[in-house]
Amino acid sequence: MNKLLNTITLSTFLLLSHSLQADDDIFDESLEDLLSMETELKADIGSRNGAKNILESRSPIDVITSKQIKSSGLTSLTDILRYFIAGFNAPETSVADGSDHIRTFTLRGMAPDQVLVLINGKRVHTSSLLHVNGTIGRGSSNVDIDTIIPISIQKIEILRDGAAAQYGSDAIAGVINIILKGANHKNSFSIHHGRRLENDGKSLITDSFLTFPLRYDGFFNISLQAKSQEQTNRAGIDKRLEHPYVTTHAGIPDSKNLLATLNTEIAQFDNILLYSSAIINYRDSEASAFFRPSDHNEKTTLLYPNGFLPLLNAKIIDTSLTVGINGELSNEIFWDLSNVYGYNRIKYYINNSMNYSLGALSPTSFYNGSLSFSQNTTNLDLKKDFYQLKIAGGLEYRYESYKIDAGDKSSYIDGGAQGFPGYSEESDIDKDRYSYALYLDTTYLFQEGLSLEGAIRYENYSDFGSTTNLKLASDYRVVENVLLRASLSTGFRAPSLAQSNYSNIATFGGVRSGTFQPYAPISQELGAKALKAETSKHLTVGTIYKVTNSTTITIDYFLTDVNDKIILSDPQTLTQEQQHKYKVEKISCFTNAIDTRTYGIDIKLNKKIIFQNSSSLDLTLWYNYNKNRVLKNITKENSFEQIDRVENGQPKHNIKLLSRYERNKLTYQLNLNAFSNYAQVINNEKYWFEKQLITDLDISYKITNDISIAIGGNNIFDSMPNRWDGLSSKYYGYDTIKPYSRYSPFGYSGAYYYINISMEF
Amino acid sequence: MLKIILISLLLTNIYAYQLENKLKVLIIGKVAKYISWQESDEDMFIITVLRDNDENLFDDIYQNKKIKHKPVSIHYIDDITQLQKTDILYLSPSNSKKLPQILEQLKNKNIFTISDIRGFAEKGGMMQIYFASQRVKLKINLENTQQENFKIKSSLLRISDVLRGNSTNE
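Residue numbers (my numbering), protein chains in the order written: chain A, 1 to 761; chain B, 1 to 170.
Mixed in with the good hints, there may be bad ones.
[Unchecked claim] Calculated pairs, DSSO-like style, for lysine-lysine (alpha carbon to alpha carbon, straight line, at most 30 Å):
1) K239/A with K730/A
2) K122/A with K97/B
3) K390/A with K137/B
4) K137/B with K702/A
5) K299/A with K239/A
6) K97/B with K390/A
7) K67/A with K137/B
8) K98/B with K383/A
9) K581/A with K608/A
10) K137/B with K607/A
11) K383/A with K137/B
12) K98/B with K665/A
13) K390/A with K22/B
14) K98/B with K390/A
15) K186/A with K22/B
The set of hints was computed from the structure by calculation and includes no laboratory data. All of these numbers come straight from a predicted model, not from anything done at the bench.
Go ahead and model the full structure; you've got the sequences and the hints to work with.
Have a look at this one:
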């Protein structure tokens, strides 16, 4: 029996490895053929010890190439990631204040601030916006990745694993590393125009990429994007009116964007490399609050006899500058010294509004104040290979500051401007902190196909103390084409300065409600504690099966436990005595409120078929399952809505079928994207939204070698989420202002069709 | 079961080369047919590899193979002072610090130099191999090749980036 088992096992190993050996000999290929062969996709992410073939990585890594980005027809990075990455969710919300203007995103259903974003391997700052409304990602700040121009990107690496022991805070659900184009690219220019099926949401986008070669394969690259986006409106009728009609905007906002991305490397003869990159983004975006009918307040008609629709205008500046130098010492120690400064500021204005307390003298336009966040990170990295042992390590110093500037007095006094009361002097704050870290990452290659990596990172924050995290990862090639991999790690996410210091008081329906810092006297009286870091534990186990040289299957199971996750509590009603003392009736506060568990699986099939007529078909079939559970409700005061948003607010299943067919001058890209159902809670009732299938298509034709024209569409069959099932309230309901859930993973603006002309020179 | 593990480990070592490395090594030999050396009385076509960690790959690929109708011989050296008669010298990236000294020693020896060191073609080398957008690419410094009396067929120049002049040997 034992012999039989051994024979079967051995035969399986040999069979599995056979398919690769058969087509392994390429010695007789011509030089031209060798030059046209596609090499392995490599990624720097996942280890500090150099780029690695993603099909040999110890942790699951996906790469989106510039070619894929171009043939998707998409013009924003958030949409690109949603298009290519199963389990990446980016709802399009509206009537949610600042959240309308900076899109949030999640990986594996976890929080937006549990994803670390890097550019060229360096940490990117988050935006200053805290999502405080009832959206996916409530209570968190995320990186505004739409500040990066897709045409400037060479590839995007996505590490689907915990990696805080390597990269520090936030690397819990995963890490996104955006590699900007370097040397050996052509100049390019494109113009894109599109609109929705309902003939709104028109967009006009121009992109240009200019590259200037410098000595020793150096380069200076500049990318520019100008983007004009018209709003979409899928709002329903306003039933509060005697003669109901559509009063409010519900859809993507009106926005104008100017973006620039710079990337340069200046190589010296003696192997010293100076490098720099910069992101500059200005966005002017406008979205609405709910319509105020003429009977909204007794003073409404003083300025607006027929009611009014407050329009929130966000003027956003987001910049970052990286400068660095690297080289190699005589003892072959590679060193790298870098500094990254990032800054985000949002200035809020509200137009077509009024402050009821000022009556007929109220302005109609207000400056509501601003939020800003800056981050400066300095790193010294060292790396050396000792034959099979690779050692990398370094030091990091980071300084962060967070600021709220008060708006015009008229924007916040006595209830403030309708639609979005300004930040008051009580909210005006300027806080900072610093942290330093020591880290070490070692990899030992026992032999090809068997390695062990260990990483450790110690980090000390001036506001909450220190943390040490560990990671162990290994891969073992059972036979040539079957690799097993596993990783085990701990992680953390530092409470953001915004979570620790944000405060604002607003009046809704005559009720004065405030968000207060945990250290504010009112919070202390209610028992609030200073925020501590979220901590996490990760396990990933998977396999890569290289069926042939052109077909691979990867399967990865993941489990992430997060303790002390920070959320923004529901408003609590104060006692009469407290209300009198603090002049506020309800209070919300950020707290280390829940423990969560996220687990699931990714199954991915990649196949490339080259036909006899030299056409080719690239196929990816990817299934992601993720389940989020709240294991412990620490504060016991979180509502059903808060808990359910974590557990059911996002689809648990996502299947993508990506295909690209190239023949001569034609390229077809077809993408099918299926989401499972999700739920939103309103007034303590849970409403489910059905599964959906979205189809995207891009057809591109090369007019000449350098000029292409593409037509295509996203959600071409105009799939729409179902309306609220059985809900019919003033604001939310199948037959009223907001007929769709803001949690919809593909928005609710419907089909979008476009034409794109691009040229290279 | 132990046997199976041993066999699987054995298989691992045989077929584990990366396509990038394989292409690089193959191209080092492939370009020879486009290049004319001065008269050589050697019976073998010699490729010398200066400090490379993937030595077995050269042996595996060129074992029992011919270049320019001659059997291929692969020599490995750790230091340029060990260099003997050779047709092609491949310099691995680990030689980048000593590149000026190495190239100085190769003057007037009619040795075709190939490397994947960054900026190699501009730093005095003859042919640079580099990777961009998952493709291997070639960059040839024509002046450097002419200084060593190499003639390169136009068909190779057509598929390579060609630097004309501006050779930098600072």
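Against the structure, the hints:
1. K239/A with K730/A: This hinted pair holds, its Cα atoms lying about 7 Å apart.
2. K122/A with K97/B: holds (26 Å)
3. K390/A with K137/B: holds (28 Å)
4. K137/B with K702/A: Status holds; Cα separation ~23 Å.
5. K299/A with K239/A: The hint holds at about 21 Å.
6. K97/B with K390/A: Given pair K97/B, K390/A holds - Cα atoms ~20 Å apart, limit 30 Å.
7. K67/A with K137/B: holds (17 Å)
8. K98/B with K383/A: Holds - the C-alpha atoms of K383/A and K98/B are around 19 Å apart, at most 30 Å.
9. K581/A with K608/A: At roughly 69 Å apart (the allowed maximum being 30 Å), K608/A and K581/A break the hint.
10. K137/B with K607/A: holds (25 Å)
11. K383/A with K137/B: The hint holds at about 28 Å.
12. K98/B with K665/A: violated (46 Å)
13. K390/A with K22/B: Answer holds: K390/A to K22/B is near 22 Å, not above 30 Å.
14. K98/B with K390/A: At roughly 22 Å apart (the allowed maximum being 30 Å), K390/A and K98/B satisfy the hint.
15. K186/A with K22/B: Given that 30 Å is the threshold and the Cα spacing comes to 27 Å, the pair holds.
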